[in-house]
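Visitor: Take a look at the letters that make up each chain.
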Amino acid sequence: MNTFNKLLRSIGASVLDFCSTIGRIVIFACSSISHIFRPPFYGKELFSQFMQIGFYSLPVVGLTALFTGAALALQIYSGGARFSAESVVPSIVAIGMVRELGPVLGGLMVAGRVSSSIAAELGTMRVTEQIDALVTLSTNPMKYLVAPRLLAATIAMPVLVAVGDTIGILGGYLVGTGRLGFNSNNYLKNTVDFMELGDVTSGLAKAAVFGFIIALMGCYHGYNSGRGAQGVGKATINAVVSASVMILAANYILTEAFF
Amino acid sequence: MIMVQNLHKRFTENTVLRGVNMQIEKGESMVIIGGSGTGKSVLLKCILGLEKPDNGKIFINGQDTTKLDRNLFLSSFGMLFQNAALFDSLTVWKNVAFRLLQGSNKMSEKQAKDIAVEKLRRVGLSPDVAEKYPAELSGGMQKRVGLARAIAANPGIIFFDEPTTGLDPIMSGVINELIREIVVEMGATAMTITHDMSSVRAIADKVIMLHDGLVQWSGVIGDLEKSQNPYLNQFLNGNAEGPIEAVR
Ligand SMILES: Nc1ncnc2c1ncn2[C@@H]1O[C@H](COP(=O)(O)OP(=O)(O)OP(=O)(O)O)[C@@H](O)[C@H]1O
Ligand SMILES: [Mg+2]
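Top line first, the protein sequences correspond to chains L and Z.
So that you can map any letter, position 218 of the first sequence is 218 in the numbering used here, and since no number is skipped, the others follow by simple counting.
Count along the second sequence from 1, then add 259; that gives the number in the numbering used here.
Just chain Z, with the same shape it has in the complex (with noise of 0.2 angstroms):
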């Protein structure tokens, strides 16, 4: 379970998160959607700890995360980031089996090598991607090699910032099923950023909706269109008029 308590964060003169709460259960997948920079990257940023919140508290199975030893809290964790962020010195399979390949317990290269594949097959890349190097993939590969590096450890937690924005739509609902997949079977949690709504649909259980630093709707997804909240209507429909001006 994750449990955010009325965090802040701001980079000088910009506040960017003004308070936000937000909870999610083990074994939920939650998607936060919200206008572009509102800050929804920042707010999975800082519960990972990569950048340093204002104010406010995260907890993990109720354990303050400050307090946690900070590899074991990140071993749970994988995180798909938003450019893929690619390590472009070593080749696409040694990126998905990167973690597989450090620390005390590491496997032999073989089996890492196996493992990588078999996550690259599942994001609907084949074995030859794997000798190559991220700089000659175009983008929605490299997004996908990512996502593969952010499962391949089987972690109990996984953030996707945007997983499918520059994917064709067949692959997108690919990616969509995977993610489906590993919180029904592998049991995981799953927070999911996105800006398409069919992925909303089909990935999750709950959403929130962050806009102007703070959880403008909350709730399960079958509420998601029922609601007369202005800000998810507007958001939802697409409109250029409503309460969430379109120059921010």
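Isolated chain L, as found in the complex (with noise of 0.2 angstroms):
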């Protein structure tokens, strides 16, 4: 009896501050939302962002995408040859790019590179006083630092999802012509052809919110950092990890969405 007591309880301690988490996430969301929109605007610091976190993921996303646009083509071919239907392999390539793989995988790379360096940043800004410091000289933290990061991210996402999906539909291309045969006139002519509006939107849409996300859970975890050195490394496993698994959440309720 005892045990089983335990046993609840430490459970619904457990769900409890699970609750109290995602609520004080959505406060911290809509409060820093809030403050994009209020002045004082800060564009030096969202163009450093900007840069920070778009161009400086170039390289990462864009060797994802070709990589995954290369064996999705050999993987495509292989089953497709199954019911002789090798000539889909460009339009397949192009729509899961652009729908699913390029927002998803580049999400998660940019998760990995951006959520935690915005945790880190900002953990170590908490530790050190650096927040505090910024309140006494008048200035609010989450328009300076939380406001810049989110907005910048949220920008940038669907730009370089939009760079990705572009150099992974060129490494499927060039598998393709390669290295499985097809006419390159026709690859590129498939691609286009069978490609929708909607299919780029719903992607580049994904992107933004993945944007959101990255940037939203690594400035949080940062922003609340626990003492010291070993509470900015928790807040930054944090911060990967929640971005990681909202990102993958998040496109499936945007697919069923889009479906």
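A couple of the hints might just be wrong.
To be verified - A short list of chain L residues far from chain Z (calculated; beta carbon distances all over 12 angstroms): (1) S14; (2) V15; (3) G23; (4) Y42; (5) R82.
Claimed, not checked - Derived PhoX-like pairs (lysine-lysine); straight-line CA-CA distance at most 25 angstroms: (6) K285/Z x K316/Z; (7) K485/Z x K143/L; (8) K143/L x K285/Z.
The hints are simulated quantities; they were obtained by calculation from the structure and are not laboratory data.
Just so you know, even glycine gets a beta-carbon here, dropped at the ideal spot from N, CA and C.
Hints given; two lone chains; assemble the complex.
Guide: Below you can see the structure in the form of structure tokens.
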């Protein structure tokens, strides 16, 4: 009885803990969104975050997309050959990249790179009292630190994913024409002909949501980091893990919505 | 004028402040002394609103700080943090000029930089350090940059958390003189935490001693030596034996 009680109690405690964390994240998100729209605005910060999050993530996202597109072409070819449908390779590579793999893999890669760096940076600022110092200098850290990162990531991710999609399709094209014997013109024609505008917009909308999630998780965990180096380390892990899981969950929900 | 009434603050099991009362008049220089870990830094942070007190009230010029406009309230403050808390992504001069470059009536970069360089000179740093990053400076230099940042916008109330810790004796003297100057010439109100007794004598009008979450002694600087308070005497003489236990 006693152990049963203990078990129930610990389950109850973790459920409550989970719920209150969700609540805190929602409040944090709402307050940071409201700060995005209210002055003062920090344009310089926004630009430098856009470069940090967007521009410097290009190599990671590009390489991921290139290899994924190339592997996808091979897989679809070997699957398609069973129904003598090898000709679908170009269109399925394109649709698969644009609707699903570009945003999801790009999102996960950027989550690893950006959520962690935001969490570590803000966590260090919290631990070394730099966030307190900002407050004493009449600067709202939500406006100066959080809002620019959220906005920059939400804008940068669709751009990154658009570039990634293109590179992924290029990867499929290189394998398709170089190794699988497709005619170059046919490949490109098939890529373009079967793609719909909705494929592209749904993928980019996903990317924007993922960008928001990435920055939100990085900022939330960094901003509320525990004390010391250990606190920052924990914040970084939590940021990456929660961002990745939330991206995958949000991906399913959004895919249902666009279905 | 700052008035603190019955201030309580605890962190989970650790009760730090258990009813602090104190008052400081405009243009006065108050020094807070007390053992390491007694909550001196926490007291300053509570007044600034960086930590939320569990109980008690804080008044600035007779107004309850929780009811004041926070921006207006903070614009009259300068704070030097114990570990400087410089922004490590910004150069030294941008740290010092940070407040001057924010807000609706911000200055041009050139103007702000001139002021920053002048403030750096006042804390004994040459203009060469202006373009460096905080990580490239020694601990004592970072402390002085933090001091320059705290005084850059000529605030009316300034808190210094151990301004001379980590400085050599000559530089300590320079900083003590600077704090005294700020109070006397600019009419600022200053609250300084220090462990350095020569600093206390150099800058204090009034002294309070914190121990065990309470103000154990307070008075004007002239009464410091005459006091019969056992806590204060043990502290001033640096005895291991006495009412304050060495292991806390
Ligand atoms: N954010 C915090 N979370 C938990 N405990 C804290 C926090 N800040 C301070 N404390 C605790 O409060 C107590 C007082 O800390 P404080 O920094 O005010 O000491 P202090 O008097 O300034 O000491 P020192 O002279 O060494 O700087 C310490 O026991 C410290 O562990
Ligand atoms: Mg302290």
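Visitor: Decide, hint by hint, whether the structure agrees.
Guide: Here is what the structure says about each hint:
Every CB of chain Z lies more than 12 angstroms from the CB of S14/L, the least distance being 19 angstroms, so the non-interface label holds. V15/L, annotated as away from the interface, keeps every beta carbon of chain Z farther than 12 angstroms; the closest lies near 22 angstroms. Every Cβ of chain Z is farther than 12 angstroms from the Cβ of G23/L; the closest lies at roughly 19 angstroms, confirming the non-interface assignment. Listed as outside the interface, Y42/L is inconsistent with that label: its C-beta sits roughly 9 angstroms from the nearest C-beta of chain Z, within the 12 angstroms cut-off.
The Cβ of R82/L sits about 56 angstroms from the closest Cβ of chain Z, beyond the 12 angstroms cut-off, so the non-interface label holds. Between the alpha carbons of K285/Z and K316/Z the distance comes to roughly 18 angstroms, so the proposed pair stays at or under 25 angstroms and holds. This hinted pair does not check out: K485/Z and K143/L have alpha carbons roughly 51 angstroms apart, beyond 25 angstroms. Taking the CA atoms of K143/L and K285/Z, the gap is near 32 angstroms; set against the 25 angstroms cutoff, the hint is violated.
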